[in-house]
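Number of protein chains: 2
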Amino acid sequence: MSTDPLVVFTPSGKRGHFPVGTPILTAARQLGVDLDSVCGGRGICSKCQITPSYGEFPKHGVTVKEDALSEWNKVEQRYDDKRGLTPGRRLGCQATVQGDIVIDVPPESQVHRQVVRKRAEARDITLNPTVRLCYVEVQEPDMHDPSGDLERLRDALRDQWQVEGFEIALPIISKMQPVLRKGGWTVTCLLHEAPGRPTRLLDLYPGLHENSIYGLAVDLGSTTIAAHLCDLATGEVVASSGLMNPQIRFGEDLMSRVSYAMMNAGGDQEMTRAVRDGMNELLRNIVSDAQIEAHQVVDAVFVCNPVMHHLFLGIDPFELGQAPFALATANSMNLAAAELGLNSLHPSAQVYLLPCIAGHVGADAAAVALSEAPDKSQDLVLVVDVGTNAEILLGNTDKVLACSSPTGPAFEGAQISSGQRAAPGAIERVQIDPVTKEPRFRVIGSDLWSDEDGFAEAIATTGITGICGSGIIEMVAEMRMAGIVDGPGLIGNPEQTGTERCFLDGRTYSYKVWDGSADGGPVITVTNRDIREIQMAKAALYSGARLLMDKFGVDTVDRIVLAGAFGAHISPKHAMVLGMIPDCELGKVTSAGNAAGTGARIALLNSKARTEIEDTVRAIHKIETAIEPRFQEHFVNASAIPNSAEPFPILATEVTLPEVNFNTGAEASASSGGRRRRRRG
Amino acid sequence: MSTDPLVVFTPSGKRGHFPVGTPILTAARQLGVDLDSVCGGRGICSKCQITPSYGEFPKHGVTVKEDALSEWNKVEQRYDDKRGLTPGRRLGCQATVQGDIVIDVPPESQVHRQVVRKRAEARDITLNPTVRLCYVEVQEPDMHDPSGDLERLRDALRDQWQVEGFEIALPIISKMQPVLRKGGWTVTCLLHEAPGRPTRLLDLYPGLHENSIYGLAVDLGSTTIAAHLCDLATGEVVASSGLMNPQIRFGEDLMSRVSYAMMNAGGDQEMTRAVRDGMNELLRNIVSDAQIEAHQVVDAVFVCNPVMHHLFLGIDPFELGQAPFALATANSMNLAAAELGLNSLHPSAQVYLLPCIAGHVGADAAAVALSEAPDKSQDLVLVVDVGTNAEILLGNTDKVLACSSPTGPAFEGAQISSGQRAAPGAIERVQIDPVTKEPRFRVIGSDLWSDEDGFAEAIATTGITGICGSGIIEMVAEMRMAGIVDGPGLIGNPEQTGTERCFLDGRTYSYKVWDGSADGGPVITVTNRDIREIQMAKAALYSGARLLMDKFGVDTVDRIVLAGAFGAHISPKHAMVLGMIPDCELGKVTSAGNAAGTGARIALLNSKARTEIEDTVRAIHKIETAIEPRFQEHFVNASAIPNSAEPFPILATEVTLPEVNFNTGAEASASSGGRRRRRRG
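Listed in order, the protein sequences are those of chains A and B. To convert, take the position in the first sequence, counting from 1, and add 3; that gives the working numbering. To convert, take the position in the second sequence, counting from 1, and add 3; that gives the working numbering.
Chain A with its partners taken away, still in its complex shape (with noise of 0.2 Å):
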């Protein structure tokens, strides 16, 4: 046994005997403890700050005395007097073994900490950037032994950092010579290292460099842009920011995006240009919000589409407009941020795109996949992220599918009589009485319901001005449990319905929600056209799920993941009586919010997690529902509500749907649901 003293750390519990002298850190290090360092243990940098623990141990058997560790040196005095230590803090590179002792190393002290995610469900983010600063002396110029000062340099990054060679890009090897001298051989390196990359040296400070870098998560949707800036440090969003995708001018969805590229020479190269001039407006506006410096942004991930992605990086998304929907790329990408024409960030800036799984199945989708992790997952799940294109993932630890569905625009309230976008005024929740059949309701903007006292004035200056989709969600499946709308999708009239509410509008029949005429409001209603394209939005989603389902070779799921801001707001219970998704205990259908956001934070903040991603991607069979034909039998099912074919027993024992079918031949063949299959809204 060796008579050396015993040092325990913790929160690890790793512990070990080291002779007197022996810095804590040194010790750390052998024992793969988790203590950063910037300056690699010269005293300057305080990373590796930690906290000793005196007195009786049982626990770890072990009793540290007064005198464990070595007197408070000169550095660290030096240190206390400029910046101040917490008091009972020692510098682990100065602090030496005497004793037995026990050492607990604290949160902002550790190298790979976690960042915790609010979610129960969630695993936590492990904090390990891409870019990160690493203090170097380098030996000065010798004319007996004449070398170049990058190959010193090169030397001292693999003597004290274990840094094996780098790429430098050569604006840096023409700052270097005075940056080393300014420094007095002594520089902090900024480097990047991404798995399966070169190192890369992005730029050098003089001596020691203290000023914090930041990193950038974008998803880059077709509408929106939205981007989190956060502390590599500490793993921190510091701010986040959105901007409208600037592409849209060249049309709303993605189709007439790639419309637009077809049919003008040089459209893609605009679109481009657009996208790029909007992304560096975002990265302006989110520097500033943040009060940093555009140069201590180093690196970004973005999250796209493929139609997104390819614009972005200025290719003609040309082939994803035509069957066999070709990716001129889908894995990875790697790049300097300069590349793609950002200059609103450090000049040496990474870039990092995550793969896309096909054609029609983005870098988003693969980020859903790195939040929501289904390959992790025990029991198997169903990711579905709501969007005018809906991607979607099933799986296990067996084994993940993936899908597109072309959900179109309903969804965001396009298309809809009285739908509309989200905003105050519009009616987002919904219940219809099964007895009068009367709706009460309540509009974004006030937490009052329609029927309540004080509604009135509460939504006063918004006034109640459509429906947004989470809304017509709702207002349908409400429909359909009180016997207004039936099982094929058709409205009943007044003595069907028992209601007035019901009226004859043109040649099917409508609800009235809400008029608000007396008040030169609109008159809200739900026609039955609102109700086909709310069929036809929900039987592309479904349809989708259902065709992983058969793939994977089962009939129900254990869980459900609604991902997607819009997702957030759908009501497991409504989607379902709606047969949006497949049967499941309500209680297993959660959401996941911008679940391709937090997958590009994640890959943003763990580079370990950028290899993971592109293995499962990799893995990820991929279905193309284009070319499946059960694919068309589960949409005709899909656009009964809930499913003409499907049972939904677990929702059956929630609710039960009326009995009802209100066609009397006349719409017999356009209730059963035409398909109209869009194409990649």
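In short, the hints are calculated from the structure, not lab data. The beta-carbon is built from N, C-alpha and C at its ideal position, and this holds for glycine as well.
Computed footprint of chain A on chain B; a stretch qualifies when at least three of its residues, placed anywhere within it, have a C-beta under 8 Å from a C-beta of chain A:
(1) 151 to 157
(2) 173 to 179
(3) 319 to 331
(4) 625 to 639
To be clear about the criterion: a stretch of chain A counts as covered by chain B if any three or more of its residues have a C-beta under 8 Å from a C-beta of chain B, and this derived list gives those stretches:
(5) 144 to 155
(6) 176 to 187
(7) 318 to 332
(8) 620 to 630
Starting from the known structure of chain A, arrange chain B on it as the hints suggest.
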């Protein structure tokens, strides 16, 4: 023993048994026979042409029957109809083995053929360029198994050419999809495969691309830039072009350019722009001369001294102007031409800069080492690249030493009273009669000596305008041999020398070579100050060489190579009389011409030579003359003509130098050689 037919390849002599039906290309590949192919055996590129031989071959122990190869097939017929196949030739990928056969691989079908160098002692260049064309057939996209076009291209290069992955720039990805479709899923890839670098896909062309590709070997000197355009398939130089270095307006010599950068903010950037602009002009000229397209130029190799190297790269040469003369980087550089602002070649063209040896011994010296290969010499060779700064290499297979020595511009005719650049009218050859002390000479532009009939007519248009560098060397040496100048370097008076051509010229005597004043031409004289300038220049050169000999532990060398354009014009005997080079058999002093330019061409044509010179340079022992005390001593000794301490016994067998001493005491201190150390002109 195999009963399969025997296949014998000439000229390699490689042989093996192969089953009936084996294509000759396959047999060649299995035996490691060097047989070219761009299309990978598809019968469309015709690079694998071979010549079968029939009849008795006692040397190979084989009889080749008429039916030893398969019959002429449709592919060969089609090729012959379209392009014409040389009679007797077959396509190696189409003709198959049917019986014992002798196959000759003509030089133009060999990939790694030898490019022959004219000089007896020079090694041939093995053709193995870093850039090549590879034709591939790419799998079409499949919705059942979606993948990116780039990933399928990657698979094709791996499967068909054993190329394991490649880097690719965004603009090439952007053009890839239309190119693949235009070529019907066949494409020719332009690949850059530099040793130790990731393979890079520089460009791609639809179908089989047969246009030649070219590379540039550029010697970027302080005074002139010389470029050679080489066909990368044959190694042939197809065009050469030169340009004055536009940086000359910032200073004639290197040190004055470094001073310009030191004294003018942004001066380094001005000079960088100047040299890059000049380079672009030169590239445009050479491409135009060769009547090719700029985008056919895909690779370029540059050699230059350290100051040119830094300025070309955009690095301030400040540190090279002062001890310890630290290079920013000494290693070889692999860059994109675009990073250097070179826009008159292929947009993806690559650039290689040879490594620098030390702060004053640049990539040009490395190129000389590559061309002259002292590290592969059995006998001890001294290589001297004579210029305003002399680079000196000494070595053999055991080791190689290198240094540089600041000779100044005297050897280029500068700082010599009647000196001039080598141009028509300049005296380049001199003989002085030892009895009469009368000179005869030849001028550039005429083969006649000045005392031959017709000389006056021959030089009527140019006149006699001055003395060029090689002329001044011969002049001073002849003056020493004729007893006009003594060992310490003093010109004698008319009494001492016995000629009225010596005349008092201020405090010392000058020697009149030519009086053209009657015809309005110049009076050409050699002043004692001119002698001093030559003494200092040659002393610097000699003492560098001698220092290396000290370090090597030798007093003699086996052979001497004079490199550089100037070196080609130096008379070995006169150089030795002058004591400019060490004592050596005159037959062992050879000229290598522009060895730096040749080194650049070798590195361009043979990628393995790049690794080789990098290894060689790493192993070279660098000697900094500035800190070697013996350098001073050697310099003082070498100020005498030929030398005040070294005996030069071999020279003594060829030439007897008069024992004269004109020192009357007045000029003693000056003639012993007060050293003016010039820094790097």
